[in-house]
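> Residue numbers (this note's numbering), protein chains in the order written: chain W, 4 to 266; chain D, 50 to 680.
Derived contacts from chain W toward chain D, CB cut-off under 10 Å, selection only:
no., residue
1, ILE67
2, LEU95
3, GLN96
4, ARG100
5, VAL102
6, VAL105
7, PRO111
8, PHE112
9, LYS114
10, SER123
11, CYS172
12, ARG175
13, ALA178
14, SER179
Taking CB as the label site, the calculated pair distances span:
no., chain 1, residue 1, chain 2, residue 2, range
15, W, ARG155, D, PHE75, 42 to 52 Å
16, W, ALA191, D, ARG72, 35 to 45 Å
17, D, PRO557, W, ARG155, 16 to 26 Å
18, W, ALA191, D, SER66, 43 to 53 Å
19, W, THR77, D, GLU476, 22 to 32 Å
20, D, GLU476, W, ALA191, 31 to 41 Å
21, D, MET475, W, ASP36, 30 to 40 Å
22, W, THR77, D, PRO557, 22 to 32 Å
23, D, LYS95, W, ALA192, 56 to 66 Å
Read the hints as simulated data drawn from the structure, not as lab findings. For every residue, glycine included, the Cβ atom is placed at its ideal position computed from N, Cα and C.
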Amino acid sequence: MVTDLTNQAAAPPAAIQIANLSFAYHAKPALRDITLDLPTHQITALIGTSGSGKSTLLRCCNRINERIAGAHITAGSIHIHGIDINRPDIDLQELRRRVGMVFQKYNPFPKSIFENVVFSLRLSGVRKRSELDEAAERALHAAALWGEVKDRLDTSALGLSGGQQQRLCIARAIASQPDILLMDEPCAALDPIATLKIEELLHQLKQQFTIIIATHNMAQATRCADHTAFLYLGKLIEFAPTIQLFNTPHHPQTLAYVTGSFG
Amino acid sequence: MPQTDQVPHRFSKHGFSLEKAIRFFFASNAGLTIVILLLIIAFLLKEGLGFFPGYRRELQVYRIAGLEFVDLSRSNLSAHEQLASVLNRAYFAEINGLCTRELKRSQEAAALFNAFSDRSSATRELLVSNLGAGAEAHPDLLATLRKNHAASIHQALAALPATPHLTSAERADLLQSIATRDVTATDDPPLVASLAQQYAAAQQQQSVPLARLRETIDAFEAAGADLSVLVSDMTATVTATKEAIQNADILNKGRASLLAAAGHAKDPATRERLLTDARRSLAANPDIDAPMQALMLHKPVCCAAHTALRQACATILEQLPPTLSQPEAQRLLRAARSATGPFLANLANTPQRISEWRHDQPVPLSAAIGSFLTGKDWVTGGEWQDFYGILPLLVGSLMISLVALCLAIPAGVGAAIYINQFASLMEQAIVKPVIEFIQAVPSVVLGFIGILVFGSVLRDISQLDALAWVPGFPIEERLNIFTAGCLLALMSIPTIFSLAEDALNNVPAAYAEASDALGASRLQTSFRVIIPAAFSGILAAVLLGLGRVIGETMVVLLVAGNRIKIPDFSSGIGAFLQPSHTLTGIIAQELGEVPLGSVHYQALFVVGILLFAIVLGINATAHQFISRPRN
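Using the sequences and the accompanying hints, generate a full structural model.
Given below as structure tokens:
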């Protein structure tokens, strides 16, 4: 069983290496032959129209796609820190602890703020109160939420505003100190102010995590991402540093999309 | 801009459009159900609220006639009798415990013979009656009858109860003797008779060292004789007074209705006639003072009898042996000993209560309400005095519900969790309809299954020697709280299962997804996220199940044993194996037989109101949990 997914010394600089990946829901292909190396401690944005496969690609990285019956990889591989995550002997729970995820619609559990943050620690059997307190404070600080909730950690998480709930979900995802953070359109359900806060937060989180963010908001990609990948109908059209992709795209389809001629 | 002159719709006629008619039709349907519910409540209240004044009058008569005074002594007398019966049971439990082997052997042989007799008696009686006819009987007929009897003997011998305490030689001998028995013989087979003798001899022998205990118990029983005579003396007087008062009450009531009718009568002749009738029916005020004075003369005698009884009992009870060898006897002895203290204390303070008692103390309405809510006796149709105390019924209902919930919550909620969280699609497709199918079984069918199968099987199991350590075993009554609770559990499992499953289903899928993404295993997701999120819904499911259990009538009426008595908690958890009556059962059982409008009739309506309030309260609480916003 492979349980050690920490960054090995010998590992290549890319945190996630996706090689010739094809993916299908039952017989319906969703991703076709995608090859992509996502650099460590940088933000990579996945952009594209609805149904372009950006969410599917994101969800392949922690294998959360497997919750859907009939979803499977048809070809290719994903390596995280050099380890193939689709090996049959991989510890799936450990993988998901190393690769955190934030969803489009904020979804804190109907528990207290504190219990939401320490959920993953409780899963791995941490009982010591001091350890939990410390982890909760660290995660909430990292998610820029500590100042707003430190006096009401024991109140229900559902009493927070939408933006706060989404930041709480980020805190919950990073409490187990993963290396990689997957964000599936994290601001789609938020107002502009809350969106701004999350974007600021992304820049701080970059120091510690490799972040992949799927977004349909091109302005957000230009504001946050170091690299951007453009997907169309399940294919990777272009992958380049963000400035380059938006200013001098190589591919005509990319140009059409970033200039708003289609999509 | 307000439209002042609206053009009427072209379908409208005299301000009544099709749209309005449809609206009115559906509104009236909804309104009708509400009106019916209100009518039910109004009817319950109208019939029920007359109860408390009526019951108050009954309690007043109880006091004025002196029945209450006699009951002061009588309650002590019955406590004395109960204590004596417990001591006697302890004595016989000790003896029977010491000769268990003989008892079992004798019982088994007798049971075997009885089973045989039951099965062969039909053909045997036919044969014997024809033999008695002598020469008149046709020889062919006799031959056929003999043949039939032989066949039935053969059949009966094939299926006889087991006799674990008899040796195989004894059993063979017994079978041989009953198979070759003369058809006209009426005496027991030799082995049955000899085992019965052996048992009697063993009893005799074991009772020798217990002679002192026997003497003590006899002395204790004898001590109550004086008080008993006194009580039966007074009883005769007070019942006569009570009857006189009741007759006067009836006459007064008739007279009041005659006067009322006269007041309404328009025709002067009719009015005159009614008034004459009323005047004629003027009741002679019953003489209550003279018998009361006679009764009061008993006061000093009563006090003296109590003091004497107390002294006698205190000395006698001290002579009881400290322990008995058999566990059951020891338990009964301990029960007797713990009952002794309150018994003696009651005896001690009775003289004071007797001398303080006064017949002209008023009975407030609150006393009637208190007696209803906290009374330990539900006695109706008796010659002495009716009491409507709801406690035994309430306790019965609650204990049965407790048993039902203890069984139904794990089964129903557990099944719901399994089916919702872990079962394969195939298992879901099988289990869900099957559980919901239980709901389709009519409760009366469940009831007789409960009596015939479950009650009997449970009692047979409880008689196994190996299970004698279970509290309350062996079960005396086949129909008891536990059997009723088991069946009600079966009835409420579908309710709890379906609603709990719905609650689990309603947990947003995003919770499970988030939990999975945080690295939770299947089990962790279920128990740390889904089930806590569905908790209020599951609680509501349990409450609605409880509402169903408390309101259920048929099963408890058939299976609970219907004994109106608060179970004896001295046997601990064994109290759940005693028969009981319930709030629902008493209404179903007695409402058909009570005189319309009597206090008893009204009392049943008040029980109905109480039941209605309990179930309403439970359902309202459940809906609180259901409607609690999740987001």
